[in-house]
Structures are given as structure tokens and as C-alpha cells.
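S.K.: Residue strings, one per chain:
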Amino acid sequence: MRPRPLHPLAWWVWALTLGAAALRTTNPVLLALLIASAWIVVAARRPHAPWARSFGAFLRFGIAIVVVRIILQMLFGQRLPGHVLLTIPQRDLPSWAAGVTLGGPVTTEAIVAACNEGLQLATLLVCVGAANSLASPYRVLRAVPSVLYELGVVVTVALSFAPQTVTTVAVVRDARRLRGRPSRGLRGLRGMAVPVLEGALERSLELAASMDSRGYGRRGDVPARRRHAGQAATLGGAIAVMIGVFGVLERGAPGVLGIPMVVLGGALLAASLRAASASATRSRYRPDPWRVPEWMTVASGAAALIALVVAGRFGIDGLHPLYSPLRAPTLPVLPAVGVLCASLPAFVTPMLPSDST
Amino acid sequence: MITFEHVTFTYPDAHAPALVDVDLEVDEGEFFLVVGETGAGKSTLLRAVNGLVPHFTGGTLLGTVTVDGVTTRTPPRELADRVGIVGQNPAAGFVADTVEDELAYAMENLGIAPDIMRRRVEDVLDLLGIAALRRRPVSTLSTGEAQRVAIGSVLTASPRVLVLDEPTSALDPGAAEDVLAILTRLVDDLGLTVLLAEHRLERVVQYATRVAVVDAGQRVVAGTPATMMAGAPVAPPVVALARVAGWNPLPLSVRDARRAAHALREHLQLLGPPSGSMPATGDAVAVVSNLAARYGPNEVLHDVDLKIGQGEIVAVMGRNGAGKSTLLRLLCGLARPAHGSIAIGGVAPHELGASALVRKVGLVPPDAGTLLYERTVSDECVVADREHHLPAGTTSATLDRIEPGVDRDRHPRDLSEGQRLALALAVVLAPAPPLVLLDEPTRGLDYSAKARLAILLGELAGMGHAVALATHDVELVAEAATRAIVLADGEIVADGPAREVVCHSPVFAPQVAKILAPAQWLTVAEVKAALAS
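Keeping their order, the protein sequence lines are chains A and B.
Just so you know, the numbering used here puts 100 at position 50 of the first sequence, and the rest follows in order with no gaps.
Just so you know, the numbering used here puts 1167 at position 77 of the second sequence, and the rest follows in order with no gaps.
Chain B side only, calculated, beta carbon under 7 Å to chain A, not exhaustive: (1) Asn1140; (2) Arg1167; (3) Ile1175; (4) Leu1424; (5) Leu1461.
Worth flagging that the hints you see were computed from the coordinates, not collected in a lab.
Ideal placement from N, C-alpha and C gives every residue a C-beta, glycine not left out.
Use the sequences and the hints to build the structure in full.
M.R.: As C-alpha cells, then:
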């Protein structure tokens, strides 16, 4: 296969189905397999760009979530019966916090349960992290319909903002040290906030000037009346959908406010999006193609999710380990095979082109 | 191609206009250079060409600016296919994440058909010689590469006018040559109109077809390079030398000057070689031995041995990314060595606390303004005294010695570049550190400010400070440094008296040395003094 980056939306669909699969089990072995699958793919297909380095941060964040979950369980959690590990002195809480207990006996069962639940959340996070480091945020933006382009630009600017702010913070911290001032702690933070914000503001202005000079936001030759009609249709559609949703949810509402309004609003929105897309003046440079590897990537994520859903439907044991009595987690075969499928993109997607050609 | 008619522009809340009654006509295919002292209004003039002034800055613009038949009453985005503009800090204007996408960005906004976009990107990659960078993330580009990609990112929209604000100020001499070669090619081969502002006249004036001078009265006068240089408030060394030697017509390039300099070279030979050897150095202030440093996975410096003595002014030179800034950061304790040792007065700087450090070593970073926090100059001085437990008025007195007459009530951001540098230097010098470091001190400085800086550095050395400066500015090295170090590939490749080191290098030789070679004269002032004696 010719080296090329995979379509960014394929990565996101793959990662989100993997995340959805994680929500269907608390079996730590399955969750660990899910994380391993994501890790393998990231290791194989991560580009050499600054945004691609975020995976490690997501992993660390995941570990932090497990730890925090366990601590919260020890302090406030449900008291599962079982082997008492230690007892935290119980405190009586004021009446407004009735129902919450602070302290009490902590059992091994409770800790294992907390650990598994934390791991589930951490897996979800790692999946999002994988998508983040596999798919270039700029390419994601380019894949969205051009009507939503403005929204996408806000996202890109925000994305480039974070690493640049890190650079500014480093410069300001250096400057403070050169002046012999504290660069850490609360005092350091206070002294740094203003220069960092100033730097960020200056950079944003420079970026905005550069974008404007390169034709960002050109109106082109769409007549004003048509533009206004399009905007009115979008707004009207959104309002109609809102009323419709209200009609569906609120039982006493007249029937005409329900489904018909949703349909009407949806139609208006679709029409305005279509019209706007047709008259959009932007064009796209080398759009990412959607070919067999993209389908395979999406399918591999779907395989994991389907395996877990099917296993759940047919009541296959081991998706949710039992805590009393406490036993080592089992490894159900069907879900495990499904989850392992999710690591296939590491092998079936094209290699990345090298940076220097 | 570009017409200014009676243009007067005033920034919002400004007391005086930034441009007064400018009448200017730039023809198609010109290489038009805008010069002037720091803060004269060069950037304002350039940004008015595509309407960033006043649409982006606010303020009132009287008169009309017309580009290719369209006035700038339309916002800059509607002029994107006519004017390409590259700012002082090109990396700050990047939108996309790879070079190729960045080049296509303007075309996507203009709605150019995909097949044409594809072709133009390839053309521009070849034209600028950046095809090897096409898949690189823009954040990993060096300054010189970023400058070329920024030029490419506006060229793809196929504008008829290219506007550049100080395109070579942050570049080493080699990268600057590359960028200027590209610009002259665009003018000569494609008939593009190039309008640029630059402080480093020695780099660009020989390519210009016309020069406009923005003078102190915010007026603009334009003419041929030779006539304008004859009377301009700023002049490159080649012109200054020609004024001393009385050459007519005025040479603008080293080649022309060498042809005119036969008589002068013979005359100077009779006077003997230029004097001024390395001054005797006192005790070593900084001792670096077997130093190595890493930046991420890369080894930036290795096997560096260096001693800096009292009274020395050491120029650290080398191409962008050679490790100059890293060396300074190590010397002032902002970075830790990966290997080897640094001793400033016997102590490793990175192990000192912040307040002890400032008494040993001071560094002025490239953007001197980052050192300044207070609302007024006098507050800045008072706070510096208090922080370093100095007698009240010390910093203020230091400032007066460096640059007399800085308005104490102004905000540091509103000072001129030269004054801001002076204030930062005063703040750094107040606790009297034996070692003073300057990183790229001449960015944005005009010739007179640079000359004052050179004198000041001499005074500091005379008082026993050791000074080290990292710079691309060979003319400043020629005027100020007693010793020069050239870094390449993480090593010191040359170390010796400044005169010998710079004269032996075709890249780092100042203009006067190139004109008067093989004799090792460095500055116009030296020649002038020798002729007078």
C-alpha cells in the first residue's frame, strides 16, 4: 500500500466505537485488552507531529482516574460487605449532606470494584487519546462540511493555542528567573498570568491578521438576499426542532408540536445546509480519500463493540465480574476475540509517509 | 501597481499621526525597499497596502490606497488574491499543521479548483526550494524554513504584490541570502512587485530598484537607491564608507565598492595594518569545561570548553539552531548541562537560587520586553532596586548612563526598541553581575541604536564586566566584539580575536572587511580614524 495518512474520521469512528465497547464491561482483563489494542495501533501509526505526543498524557490521566476513583471509594463509597482491609473513622455529616457517609470500614471487594469502574472510565479516555494522537486535528477540521467550517476554525485556533501558551509560559518563567523572582508557587503564578495572557492575545491578533490577509471569511459573490434567506432557514429550522423536541418530551403538549415539528425543522436545516454548501466559495486541497483501509478500520472497531453487545445480550458470563465472593476475573472468549480485532488497524492501514521526502 | 494618495493615518488614541500625507507610486515589477529609523512607521505603511491598516488596527486613514485598481476600503480578505503579506513573525501566522496544507490554505479560501491548487503547490514548492519540507509539521520548522514557507503560503494565491516586514531580521546570514535570492527571482522572473521593510540595509539595498525613506516627520520620500542612500538617516556600512572616502557614484554593493576602493586600499596599506588588538583579559569570570547539552532527543552542544575573562566582549556566532542560545541559557542557569561543568565565579549557575543568580550573571533575552512587568519606567526601576536590595535610584542611574532621557512615566511597551533594550539592560545590570549575556540584541534596532549599543558594551567591558552576545549581526560583532566564537554542529569551530575570526569567513565578514580585504579593517570608524591621523 502506498504510504498515506488514514482518513481522520475513520480514526475517530474506530476510537469512539472502542470507547463504547469499554462502557459495556467492567472486566479488568477485557479493559486491559482494549487499552492494549489502542496502544498497539497508536504505536504503529502515530505521526511525528506535536499533537501526536498527547497519548502518554492520556495514559497518565487514566491512571490518575483509577487512583482518584479508589480514594473516593474509600472515603465516601458504598460499603460493600466482605473482607475489611482497614477502617476509616466515621464522621457525621451535617443534615444537608444526609445519605452520604464519610469513612467507615473499607473492604477488599469495594476497592476491587472501584478499581474496575475506574479502569472502565480510564479506557474510555485512552480511546479518545488514541484518536487524538492518530488523527490530525487540522485534517478533522478539513473533513467537516464547509458550512460548519467557521466552527472548525475556532477549534483549530483553540488547538494551536495550547502548545503556544506552553511556550509563552516557558518564556515568561525564564524571564522571571532572570529577574530573580519566584517562578513557581502561588506568587509566581500571579506574576505570570498577565504576561502570559498578553502574549496569547498578541499571538491571536497576529494569527487573525494572517488569516484575514489570506482570504479567510471571503464572502464571494453570494447575493445578500440569498445569504439572509439561508440564515433565516437555519435559525427557523433550529427553533422548529427545539419546539418539536419539547412536544415529544412534554406529555400534555398538543400532538402537532411533536413529531411534525421535528420533521419540519429537520427539513429546513437540511435545506439550508445544502444551499449553503452549494454556494460555498471554499474548495478543498487533496481531500483524504475513504477507501478499503478506512472501512477495515471502522469495521475492526465495530467488531469489538458488536462482540461485547452480543455477549451482553446472550448473557455470556464474565463481562461484569462478581465481587462476593471475590474471584479472579475470567476471560470470556467471544468478547476477547472481538476486542483483539480492534488492534487490526496497526497492520491493515497504510504506513505513514515519512516527513522528509 | 500600488498607489498612496495623500494618505495620513492616525492610530486610535495616538496624539500624532503615524503617517503624514504619503504620496507614493510603486510600479509593477519593482523591488521596493522601505527604510527608516525604528518606530518611524514602516510597518504601518506596509500593512496599509492590503488594508490591515486601518481595518485591523482601527484608527483613521485619510486619502486612498489603491492596489491593482482596487482601493483598500474593502477588507484585507477581499484583496487576498492581489496582495500577499508576510509579517515579522511568520510562524505566528500559520494555520494548518503541515507545510503542504499551509501552502494550500489561501487557495482554499479563494475557492480555487482542486487541480489548479495541486499544480500551484508543486510549483511553489519548487520555486522556493522547499519540496523537502512538504510533509513537515509547521511547528518543527527552523526560522529560515518558516520564513520561506510563509512566503510560499501567500504566493500560492498568485498575488501581484508581495509585502514583507523585516524578512531577514531573525535569520543567520546564510538563510537571509536564500530568502533574498528567492525574492529577487520572483521580481526578475515573474514580474512580481515586492515591497519590503528592513533594518539590515547591508543585506538588501543592492537588490532594490527604489527606496522610500520614512523620516522622523512621518513623511515618505522615494527615489533611486543611490540618491536616497546619499542622504538617508540610516545607511549600510558600504554607503558610510563611500561617504568617508568620497566615492561618486555611490556604490551600494560590495562589488561596486571594491572597484571604487583601489586607491583607498593602497592608501590604507601605507598607514599599516589596523590597530586594536585583543585587550588583556583579567580573571576568568566563566569557566566551561567539556560541556554537553540536550534539547529533547537532540544533542545541541558537545565538548565545549570555554573561558570568558573580565573585560572581554565575546560574540557567539553560527547558523540558526547551532546552539548559541542554548549556550547562553546554560551560562545563566536556565538550562542544565547534560554533561560537563559550568562555573561562574566558582559556582554552577543552575544550582543557584533566583536572587543569588542575578548577582552572578544577567541575561537579556531576544525580546527584551519580557523582562519588564511594571506600568511605568520609574516603577520598573524602583521595583528592581527593592528586589535586589540596592540603594534607591541605582537602576535609574544605570539607565541614565546607558540611555539618557528615557521618559520615566511611559509604559515600557510604548518605548522604542532601543529604549526598551536599554531599560532591560539597566534592570539586568543594576545588581552588577560580573557576566552579562545578550541574546540577539539587535532585532529591530536601527544603525544609530546599534552604534550606541556597541559603545555601551565597550563601556561595560571597561568596567570589568565580561560580556557575551549571541548574534547574527556581523556588523555589530565588527563594532563591538573583542573575541568571536563560531558554533557549528554543536561544537566550537572557531575561537579567537574577533578581527581574525570574522575576516577569515566569507559568511561572517562585515562589509568593510570584504571591501578592504586582504587588510583586516572592520568598521568605517576605524578607517575614518586611520585616515584622519
